[in-house]
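Participant: Here is what each chain is made of, one letter per residue.
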Amino acid sequence: MSFTGVPLVLVPALAPDVAILQVQRADAAGNCHAWGPTGVSAAAGKASRAVIVVAEELVDPAVIRSDPNRTFLPGFLVTAVVHLPGGAHPSPVQGHYNRDHAVYADWHARSVTGGGAAAWLDEWVREPGDHAEYLAKLGAPDSIGSGPGLFSSRRRSTTAADTEGLLVTRDYTPAELMVATAAREIRRRRGGVRGHAAAPARLLPGPGDPRTGGGGSVRERRGARLARARLPGDHVGRPQRHGSAVVHRDARR
Amino acid sequence: MGLMQAGRVTLGFIGGAQVDRFGNLNTTYVGPRDRPLRLPGSGGAPDIASLARRHVVIMAHERRRFVERVDYVTSAGYGDGRDWRARTGLPGGGPSAVITTLGLFRFRRGDAGDGPRERAPGVSVDEVRAETGWSLRLADPVTETAPPSEGTSWR
Numbered sequence: 001m002s003f004t005g006v007p008l009v010l011v012p013a014l015a016p017d018v019a020i021l022q023v024q025r026a027d028a029a030g031n032c033h034a035w036g037p038t039g040v041s042a043a044a045g046k047a048s049r050a051v052i053v054v055a056e057e058l059v060d061p062a063v064i065r066s067d068p069n070r071t072f073l074p075g076f077l078v079t080a081v082v083h084l085p086g087g088a089h090p091s092p093v094q095g096h097y098n099r100d101h102a103v104y105a106d107w108h109a110r111s112v113t114g115g116g117a118a119a120w121l122d123e124w125v126r127e128p129g130d131h132a133e134y135l136a137k138l139g140a141p142d143s144i145g146s147g148p149g150l151f152s153s154r155r156r157s158t159t160a161a162d163t164e165g166l167l168v169t170r171d172y173t174p175a176e177l178m179v180a181t182a183a184r185e186i187r188r189r190r191g192g193v194r195g196h197a198a199a200p201a202r203l204l205p206g207p208g209d210p211r212t213g214g215g216g217s218v219r220e221r222r223g224a225r226l227a228r229a230r231l232p233g234d235h236v237g238r239p240q241r242h243g244s245a246v247v248h249r250d251a252r253r
Numbered sequence: 254m255g256l257m258q259a260g261r262v263t264l265g266f267i268g269g270a271q272v273d274r275f276g277n278l279n280t281t282y283v284g285p286r287d288r289p290l291r292l293p294g295s296g297g298a299p300d301i302a303s304l305a306r307r308h309v310v311i312m313a314h315e316r317r318r319f320v321e322r323v324d325y326v327t328s329a330g331y332g333d334g335r336d337w338r339a340r341t342g343l344p345g346g347g348p349s350a351v352i353t354t355l356g357l358f359r360f361r362r363g364d365a366g367d368g369p370r371e372r373a374p375g376v377s378v379d380e381v382r383a384e385t386g387w388s389l390r391l392a393d394p395v396t397e398t399a400p401p402s403e404g405t406s407w408r
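Chains A and B are the protein sequences, given in the same order.
No gaps in the numbering here: position 41 of the first sequence is 41 in my numbering, and each next residue is one more.
The number in my numbering is simply the position in the second sequence, starting from 1, with 253 added.
Treat the hints with caution; some may be incorrect.
Claimed, not checked - Pairwise CB distance ranges, derived in the manner of DEER restraints:
id, chain 1, residue 1, chain 2, residue 2, range
1, B, Arg335, A, Gly39, 51 to 61 Å
2, B, Arg286, A, Pro61, 41 to 51 Å
3, B, Thr341, A, Ser66, 45 to 55 Å
4, A, Asp122, B, Asp379, 39 to 49 Å
5, B, Gly294, A, Asp60, 36 to 46 Å
6, B, Arg359, A, Pro61, 55 to 65 Å
7, A, Pro37, B, Gly284, 47 to 57 Å
8, A, Arg70, B, Arg286, 42 to 52 Å
9, B, Thr341, A, Trp35, 32 to 42 Å
10, B, Arg335, A, Arg70, 43 to 53 Å
Unchecked claim - Some but not every residue of chain B turned toward chain A, in silico, with C-beta under 10 Å:
id, residue
11, Thr263
12, Arg306
13, Ile311
14, Pro374
These aren't lab readings, by the way, just hints derived from the structure by calculation.
Just so it is clear, CB atoms sit at the ideal spot from N, CA and C, and this is done for glycine as well.
Please work from the sequences and hints to get the whole structure.
Facilitator: Here it is, written out as C-alpha cells:
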C-alpha cells in the first residue's frame, strides 16, 4: 500500500491465546499499574484472548484510581490476578529488582549445547516445586553464574615478546577490548558521545523521503554524509591513535 | 525509535547469532527452514539496523557465527551488497564496522570481503581467517587494535 508516496509494510496482527504479564501492582479486579521498560506488554495484553496479571503487590482499587494514567490494563481485560513477588526474575521489575545478569550469563554459558540447556532447565525450571522453592534455591545472587563467559574469561594473548618464547597475559577481556574499539568508533562517527548534543537535528536524505525531496542514490547519501562531516567540531574520519576507552570523557571539549 | 526515525541517532550497536559478509544479522533461526533451531528473535535490532544513521555489529568471532550468508536476515546490513540499501529504501546508512573478539571489519561497496582492517592484539590474520566463513581478499593492510589504555578501565 502507499501513503504519502512512501511504500509501507503492513504486518498482520498476532492474537495470542494467553499473555502472562508482570506488573508492579494490581487490584483484585485486575486493574493494574506498570511502569518502566514495558516493551510490548500492554499491546500483548490487549491482543490476547486471556490475560494473567502477575503482580508484585496486591493493592486496594483506590491505589489504582489515584493515578489513572498509569493504568496498564483495565480489569475487564484481565482473566486472573496472581500475587507473586519476584515473579519476573531474572528479568527486572522497576522499583522492585534489577535484571539478574548472573542468571542470564549462566544460561548463556550453559545453553551452548542442547544437553547443557536441558540440564539448566531441569535445575532451574523443572526441579523447583514452586516459586518459593525457586527463590530459596536462588539464594544470594552471586551464587550462580560463575561459569566462564565472554565477560569473565581473561583472554591469553601474545605480543611480539612471544617470538622470544614469552607468553604475555593481557589484563583485559575480549569484551573490554570490543568496548574500547566501539568507543573509538563512536568518536570516529560523531566525535565523542557528548557530540550527540552538538549534532543538529537533521533528517536523513533517505530514498523517496518526501520531506527531503527524495533522492536515494548512494552518491547523494554519501554526499550528505560528507556535508555532515564538515560541520564545525566534527572529527569524522580523523584517525584515532590509542583512543580512550572512556566514553564519558571527551578531550575535544 | 522516534529518535532514530527522525535521524537523530548517530550510531547504533547490535549483535546476533550470525553475521555475513554483507553485514546482515540473524537472530531468528538457524538451520533448515523446515527444521529450524529457533533463536530469541528480533527485539528492536531491525529498527536500529534500518533507521540509525549508521550502526556497528559487535559480536564474538566464531566460524559458526561468521557465515557467507545468514540463514535468515533479521536485521539488514547491506543485503546482497552494493546499493541494496538504497534500492530497498532503508533510511539508515548501514553498518560502519563489525567489531569482534578477534578484530574489526569494514565494508567496501557493502561487502566485508576485503578482510579485517584491524586484528586484536596477539591475534594473527590466519586466526581471523580460520574463524571467518567467507574468503578474505586482504586488500588492505591490517593494523593491530590499540588495547584499552591505562586509567580508562572501569573495573
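Participant: Honestly, which of those hints from before does the structure not fit?
Facilitator: 1 and 7
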